[in-house]
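So for the sequence shown, the UniProt record's numbering puts the first residue at 1; every next one is plus one.
Bear in mind the hints are in silico, worked out from the structure with no lab data behind them.
Just to be clear, a hint being listed does not mean it is correct.
Under the rule of at most 20 Å between Cα atoms (straight-line distance), these lysine-lysine pairs were calculated in the PhoX-like manner [to be verified]:
1. Lys202 to Lys191
2. Lys162 to Lys187
3. Lys189 to Lys211
4. Lys135 to Lys156
5. Lys112 to Lys102
6. Lys162 to Lys120
7. Lys111 to Lys162
8. Lys164 to Lys191
9. Lys102 to Lys135
10. Lys135 to Lys112
11. Lys190 to Lys202
12. Lys120 to Lys187
13. Lys164 to Lys135
14. Lys164 to Lys111
15. Lys164 to Lys112
16. Lys102 to Lys156
17. Lys162 to Lys112
18. Lys135 to Lys120
19. Lys211 to Lys190
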Amino acid sequence: MARKIKEVDVKSKSEELNLSASDVSDSEMEGFSDSNDKHDESSSGDELEVETKGESAHTVKKLDSSKKGSTKQTKSPSGVELSSILYISRLPHGFHERELSKYFSQFGDLKKVGLARNKKTGNSRHYGFVEFVNKDDAVIAQDSMHNYLLMGHLLKVVVLPKGKKIEKLYKYKKRVHKETYIKSVEKAKKKANAKHQQRIEKLNASGIEFKW
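Let the hints inform the model, and build the full structure from the sequences given.
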């Protein structure tokens, strides 16, 4: 009986030595100590520490749920609150209200579109205004379209500050404008016939007969 008990004790001691050796080898292979493991478990979930051999520790911070849904700033760098109206200048020839509404509707819903025109001829003065329903859409349109090359023209797009009044924005909205490239044909014919008659009279006065 005594011999059997001694053999069991020897076997148990040898097994404990083998287990401790395997534990040490595993810890050496992974490069982590027990103290570091305990420290990692006790640390909070907001910050995670990662240690590697020959490198300093790096902390990874989790973003709060309240900060994830960040929106566009509706204030200028000077702190002035912005409106939903865009001022657009350096518009190319032929870019009128219809083209403005089609082009800027890709950024959001539009409320009003206006183009500055000459009071006498009705031709474009190459600047206009676009009003959005949402202020954030106006800011996005400014960031995307400012200094944008369109038909050989660099557009200048600026969001106007809140409270800015544009009195002449829709002053000639109900009026139908037609671009007049030349004068009417009837007036041109009358003027040409009058000059031709003057030439014939001068030729007749000098004794020259001329028939047209």
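Exercise. Looking back at the hints listed earlier, which ones does the structure fail to meet?
Worked result: Going through the list in order, the structure violates hints 2, 6, 8, 18 and respects the others.
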